[in-house]
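Chains as they are written, first to last, in the numbering used here: chain A, 7 to 195; chain B, -18 to 636.
Derived by calculation from the structure, the hints in this document are not laboratory data. Treat the hints with care, as some may be off.
Unchecked claim - Examples of chain A residues toward chain B, derived with CB under 8 Å: (1) A21; (2) W70; (3) F128; (4) Y144; (5) M153; (6) L183.
Claimed, not checked - Restricting the straight-line Cα-Cα distance to at most 30 Å, the calculated cross-link-like pairs of lysine-lysine (DSBU-like) are: (7) K184/A - K279/B; (8) K189/A - K264/B; (9) K47/B - K184/A; (10) K264/B - K279/B; (11) K279/B - K181/A; (12) K36/A - K66/B; (13) K47/B - K138/A; (14) K181/A - K66/B.
All C-beta atoms, glycine included, are put in the ideal place defined by N, C-alpha and C.
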Amino acid sequence: MQSQKPQLTDPEIEALVGKSQRGDSESFGKIYDLFVGPIYRYLYYRVGAEEAEDLTELVFLKTWESIRSYRPKRRFSAWLFRIAHNITVDFYRSNHFKDELSEDIPDLRIEANSIERAHRHFDQQILGQAMKELKDHYRQILILKYMNDLSNEEIAQIMGRSQAALRILQFRALKSLKRVLEKMGISDF
Amino acid sequence: MKFLDRLLQKKIAPYAALENKLKQCSNISLPREKQAGMKRLIMASLQAQKKSFHEASLADLIEKIKNLASQIHPSAAFQSLLKEKLITVAEFHARRFSFIPFWIRNHRRFWASIVAAVFVFGLFFNFTFKIPNVEASFVTSLGEINGDVTVMRGEQVILGAPNFLLKSDDVVRTGANSKAVIRFLDQSVSRLDENTEVKISKLFMNPANKTETVVELVLHRGRLWSRVINLINNFSRFQVKAKNTVAVAKKKAAFDVSVTAKGKAKVSAVQNKVDLVVATDKKIIETTLVKGFTAEVKTDTPLAPQIRQELQPADQKDQWVAENLAADKQYIETVKQENQTQINSQVQVLPGSPFYGMKELSEGTKIALTLDDFARRKKVFLAAQEKFAEAQVLLTKGETEKARVLLDAFKVQVQNLLQWILDHEADDPVQILTLKTQITEALSAYEKQLSLLLPTDPLYALKEVIGQVKLLTATDPQQKTQELASQAGDKLLEAHDLAEQGDTETAQQQVKEYSKAISEAVSDLKQLPSDAKEQAVTTLLDNKAEDLKILEAIAAGTTSVIADGLQIAVTDAKTDTLTKIGEAVLNVQQTGPSSEVLKKLEGIKNIDVNGKSVVDVTLTKDRVDIKSDGAVIAVTGTTTLPAASASKEPLKNSL
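Given only the sequences and the hints, what does the whole structure look like? Please build it.
Dropping the structure here:
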C-alpha cells in the first residue's frame, strides 16, 4: 500500500507554509501537491465523488486566504483537515442534506438478498455504502486514521479529542464497520 | 452352574480387594480451588483464541480499507488545473497587496483586534467625550441683594434673595438704604437704587432663536441703572419705561433712568446710545440720546423732553454712576468668562493629546454608524462645533496656528453642511428646516457669546470666523446684505468700546473697516436683479439709520485731542457710506421708483439725535443730496462733489 502521508518532514512543511504566508505562490503550490490527495480522499468519503473535486478546490482556496492566520502551535496537516472538516459541515448545512454520501451510491441494504450476498466481495462501492451506515465521528476517524494515515496526535487536533479517547473511538469505529459489513454479507476481507 | 459359579468366584476372589480399593477411589475429588484455577486457564485460553481471531479479522479489515482508500485520488487533470488556478490567485493576491508592509499584511488578526478594540473603546469614548448639554442661564433672577428687597408676585410678597427667579409681572422693590441687582435672560443687568420699585412687564425669548429677546421694565419710582451688553440683532431690545418716557437700548448701552420726587422722568445715556420715545400731549417724540446726554421729561405737563449734554463726565459727579460703571466692568468680565466656559465645556481633549486621535476616530465611527442622513448631518455639525470650541481653548493658550487649522476645518465642515442642505432642500423640507434652524441658532449663540470680544482680544479670530460662516448661511441677497450690514455695524460697536478703553487707534481702524464693509455691500448689491436689489437697498438703509446713531455716539465720546484721528475717521465714514448708499439708491431708481426705498430714505432723514436732525436727504431723478446742519456733505449722481473736501468741516460742526 502506498503511503498516504506527504513525503516531507514537519519542519520542511512548516518552512513551505512560512514562505506561503509571505506570499510565495510556488511554496503554496508545493503544499498543494503534498496535500491534494489526502484532502480529496477525505472529502471523497465524506461527501462522495460528485462533490469531492469542488470541495477540494474550496478547501485550498480557503487555505490560501487563511494561511496568514496559521500558527505552528498545531500541525499544519491538522489545521488543513480542520478547514476541510468545516467546509464539509458548511456544505451539508447549505445543501440541507440528510445523508452525507451521494445518493448515486445504490442502497445495498434493499437489493441485498442471500444469493447476491453470497457472491459479493469487499470493494469501493461496498466500503462507501458501509461508511454511510456509520456514525459521523466513526466515519471521520476511519477516514483520517486508516484512509489518510494521520497520527493520533493530528487526529486529536482535528477532532478536538484526547488521544486516549481516540483509541477507544478507533476500536469502536472498526467494530462498527465490521458489523455493518457482516450485515451486508461481507465477512471475507 | 454351581460349578461354574464356584470356579468364577475362585478366579475373581483375588481381585475383590482391588475392586474395593477402586470403589474407594470414587470418593477422591479435585479440590475446589484447583478446579476454579483450571477453569480460568481453560477460559483464558479460549478467549485468547477468540481475540486473536477477532484482531486478525480487524487487521484484515484495516488493511483492506487502506488498500481501497489508496486507490482514491483526484484525477491528474483536476490536480493540474486546480494548482494552476491556485497559483494564479496567489500571485494576483501577492501583487495586489505587495504595497502593504509585510508586518501589517501578516498580522491581520492583530490589526483586526486593534480596530475592534478601538471600535469598542470608541463606543465607550462617546460617553466619555459626550458633549455636555450646557445651556446658558436663560433666566431672569435676582443677583446681589443689600438690605430690604422684596418681590411682589400678584398678592404675594416674597423676601428677595440672590438667585431668586423672577417672572413677568413681578415687581421688585428696594427699601431705604437697600439695593438689588437683576440679571436678565439676555445677559443684561439692572441695578436698583434705594427706594426703587420696578415692574418686569415683559420677558420674551424666541424659543427658535434664543438670541432674539425682549425685556420691558416699568420704573414706578426710584432710580434704575441698566447695562445692555450683547444684543446681537435688530429684533432684540431692552427698554425701561418711566412715566411717559420709554428708553430703548439695542445691542450695547448703559443708561440710567429715574423718576424724581417731583414726578419727572430722567434718562441719561452713559455708554453708546439709547433711543427715547416720549409721549407728549401733542405728539410722540422720538430721539436718540448718545453718551453724555440727559433728557428730562415733565410728566405733569407733558412737553418735549429737555435734552442737555453733561459738561462733566457722569462718573465724576455722580457716585451712583461711578459705582455702576465699575460694577459693569466686573460684570462684563464675568459674562465673558461664562461665555467662554460655556464653549469650553464642549472640549475634552485638544490636538496634541494622545487621546485626540481616538476622539476623532470615535466621532468618525459615530457619524459613520449613523444611517439616517439628517441625524448624521447633525452629528457632523456637533463635531464641527467641538472643533470650534477646541480652537477657542488653543487661542487662549496662545497656540494660534493649531487653532487656525481647527477653525478652517470648522468652516469647511459647516460650508459642506450648508451645501448639502441646499442640495437636499426638496427631499424633506421639515427635516431640512430643523437642521437649518439648529445651525442658525448655534451660530447666533456663538455670535452673542463672542460679541464682547474686541480686535485686541486673542480670541477675536473666533468672532471673525463666525461672521464668515454666518455670511455663508445667507441664502438670498437680502439676507446677505443684512448680514454684511450687521457685521459692518458690529465694527462700529467695537470702535465705540475701544474708544471707551482709550484705544483710539484700533477704534479708528474699525471705523475704516466699517466704511470698507459698506462699500463692498453696495458693490455686491449693484450686481443683483432689480427686485433683489430693491430689497437689499431697503435692508441697507434700515441698518444705516442705526449706524448713524452709533457714529454720533462715537463722536460724542471723543473730545480729547488724542482722539482727533478717530473723529476724522468717523466723519469720513459718515460721508463715504452715505455716498455709497446714495449710489445704491440711484441704482434702484434706474429701474423705476421704489416706494419702499423712499420710505426708508425718509426714515434716515428723520433721524433725530439729542433732539436734532442729523442728516437731510434729498432724492431727485438722477441725484441724491445729503446735507448735515444745512451743508451738503455728500452728493451722488450727475454732479458729484469730492466727498472729503465737501463733508468734513460741516459734519464736524454738526456733531
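Do the hints match the structure? See the list:
| no. | hint | result |
| --- | --- | --- |
| 1 | A21 | violated, 16 Å |
| 2 | W70 | holds, 6 Å |
| 3 | F128 | holds, 6 Å |
| 4 | Y144 | violated, 12 Å |
| 5 | M153 | holds, 3 Å |
| 6 | L183 | holds, 7 Å |
| 7 | K184/A - K279/B | violated, 126 Å |
| 8 | K189/A - K264/B | violated, 124 Å |
| 9 | K47/B - K184/A | holds, 14 Å |
| 10 | K264/B - K279/B | holds, 15 Å |
| 11 | K279/B - K181/A | violated, 124 Å |
| 12 | K36/A - K66/B | holds, 14 Å |
| 13 | K47/B - K138/A | holds, 17 Å |
| 14 | K181/A - K66/B | violated, 42 Å |
Checked against the numbered hints above, the structure violates hints 1, 4, 7, 8, 11 and 14; every other hint is satisfied.
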